[in-house]
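Since chain Z is already given, all that's left is putting chain F on it; use the hints.
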Amino acid sequence: DPTLQLPDHLLRSIFSYLKCQDLIHVSLVSKNWHRNTPSYFALDFDESLFFENIPNKSLPDVQKSHSNFLDWIHSSLETCKIRLSKAEKRILRIQFNHSENIYDLMRLIDENNFHESTCLTILHLTRCALEEQIFYSEEKFDSLQELKLDGVELSGETLSKFISKCPSIRELSLVNCNLLWRIVLPKLDSLKKLCVKLNTYHYITNIQVIAPSLQVFHFVYSSLKQDAVNMDIRACRMLREFHLDCLKF
Amino acid sequence: MASSTTGEKKILTLKGGDNEEFILEESLVLQSELLKNMVKEERVSSIPLPSIKSKTLVKIIEYLKKHAELTPSNKEEFKNFEKEFVNVVLEELLDITVAVNYLKINGLLEFCCQAVADRIKDKSVEAVRKIFRIESDFTPEEESEFRKETPEAFEGDLDDTTN
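Sequence order for the protein chains is Z and F.
The numbering used here puts the first sequence at residues 1 to 249.
The numbering used here puts the second sequence at residues 1 to 163.
Excised from the complex, chain Z in its bound form (with noise of 0.2 Å):
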């Protein structure tokens, strides 16, 4: 086993490159392995579950859901606090149902002390919205490595902000995002990888990303509209990876 002579803190570096599904397989593989394996808690939370169980889908029953909803991911990040806390990595999936503002969320996370440095590491939110000023507080989110947003609709300044506190952020993925007609990614020295997906129904002028350390962009735009997209990548050098995928070009 050639990996013996690797410190466990370097063999842990390495392990930490890797996904959820490829950390089962490091951690099966053998004892040392399994020992230095980092370890991950994962939550996920699917509102359509909620929303299924309403009879007549009437407002007021649908906010009472969404609240409920809500309610449920405090009470579960309170009931696994403990757990989460001890985790290496820590994963949260959220996907909702409609377009809400999450205010409601980011005050979740910040009552459990996500803010920290041993919290949230990767975080995907689903189908919400987010406002510019739930991000001006003063909290970072300094562990999060990657985050996923996917149907969200937030402004490019909202984006920009949210960046702004991720300083660790190594993936980022956006897709089909409302509202998002402009992407500026301040400098982002951590990141790795970016992915930008939208389809026919989305549209987007502008996009400047300055990360020195950018290895991979997809870039997937299926919109028909004439709308030139003016990209500034110009800041990425270490890009080795350009996917393009558009109907027109």
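Wrong hints could be hidden among the right ones.
[To be verified] The calculated DSBU-like cross-link candidates involving lysine-lysine, where the alpha carbons are at most 30 Å apart (straight line), are:
(1) F:Lys-66 to F:Lys-83
(2) F:Lys-65 to Z:Lys-192
(3) Z:Lys-148 to Z:Lys-86
(4) Z:Lys-19 to F:Lys-130
(5) Z:Lys-31 to F:Lys-104
(6) F:Lys-130 to F:Lys-66
(7) F:Lys-130 to F:Lys-83
(8) F:Lys-79 to Z:Lys-187
(9) F:Lys-79 to Z:Lys-31
(10) Z:Lys-19 to F:Lys-83
[Stated by the list, open to error] To be clear about the criterion: a stretch of chain Z counts as covered by chain F if any three or more of its residues have a C-beta under 8 Å from a C-beta of chain F, and this derived list gives those stretches:
(11) 4 to 18
(12) 22 to 28
[To be verified] With beta-carbon atoms standing in for the labels, derived distance ranges:
(13) Z:Lys-19 to F:Glu-21: 36 to 46 Å
(14) F:Lys-55 to Z:Pro-38: 30 to 40 Å
(15) F:Asn-37 to Z:Asp-189: 17 to 27 Å
Worth flagging that the hints you see were computed from the coordinates, not collected in a lab.
Beta carbons: idealized from backbone N, C-alpha and C, even for Gly.
For chain F alone, coordinates are given in the frame of chain Z:
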């Protein structure tokens, strides 16, 4: 630095594990935190590195030279060089990673760790064992339990051990 005042480039000798000597400009090794400290604090002109094979040292010195020459105009060339740099047999990649970790060359260490991780990515447990030549040291009972609990971890891509 003293060398700049004399106008002469300082020369340093690195001694690899098999006593082979490598003579290079002192400025090159400053990318290594370990060597930088040795050079600055102890003012040595020859540094023995018995734990690093000469073959590995050759590779690392090659990287240091290329990295020192990096300018905006040749970044494309450097990227290709980096890609080729880690395109070596696994044992060699691990030797390099261990040495770079010891020498504390931070950017390169990250790159090497990523390259090792890439060889684990998207592979089944058996494929990873084959690539890394690791024999399972779990008991047969533990092993069969894993296979029962997570059968998908052992399925597929066994042939995908090309790297």
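The hints, checked one at a time:
A hinted pair counts as satisfied when its Cα atoms are at most 30 Å apart, and Lys-66 of chain F with Lys-83 of chain F qualifies at roughly 13 Å. Restraint check: the Cα-Cα separation between Lys-65 of chain F and Lys-192 of chain Z comes to about 24 Å, which is no more than 30 Å; the hinted pair holds. The hinted pair formed by Lys-148 of chain Z and Lys-86 of chain Z meets the criterion: a straight-line CA distance of about 23 Å does not exceed 30 Å. Using a Cα cut-off of 30 Å, the hinted pair Lys-19 of chain Z and Lys-130 of chain F holds, with the two alpha carbons roughly 20 Å apart.
Proximity of Lys-31 of chain Z to Lys-104 of chain F is assessed by CA-CA distance (about 28 Å); at most 30 Å being required, the pair is judged to hold. Between Lys-130 of chain F and Lys-66 of chain F the CA atoms are separated by roughly 33 Å; this puts the pair beyond 30 Å, and the hint is violated. Our distance criterion of 30 Å between C-alpha atoms is met by Lys-130 of chain F and Lys-83 of chain F, whose separation comes to about 23 Å. With a C-alpha separation of about 21 Å, the suggested pairing of Lys-79 of chain F with Lys-187 of chain Z holds against the 30 Å cut-off.
Restraint check: the Cα-Cα separation between Lys-79 of chain F and Lys-31 of chain Z comes to about 36 Å, which exceeds 30 Å; the hinted pair is violated. Distance check on the hinted pair: Lys-19 of chain Z and Lys-83 of chain F sit about 22 Å apart at the alpha-carbon level, within 30 Å; holds. Check result for the segment 4 to 18 of chain Z against chain F: holds, 10 residues qualifying (beta carbon to beta carbon below 8 Å, three or more required). For the segment 22 to 28 of chain Z, the proposed coverage by chain F is satisfied: 5 residues have a C-beta within less than 8 Å of a C-beta in that chain, meeting the threshold of three.
Our hint of 36 to 46 Å for Lys-19 of chain Z and Glu-21 of chain F holds, since their Cβ atoms are close to 44 Å apart. For Lys-55 of chain F paired with Pro-38 of chain Z, a C-beta distance near 31 Å keeps the hint of 30 to 40 Å intact. At roughly 24 Å, the beta-carbon separation of Asn-37 of chain F and Asp-189 of chain Z lies within the given 17 to 27 Å, and the hint holds.
The structure fails to meet hints 6 and 9 from the earlier list, while all remaining hints are met.
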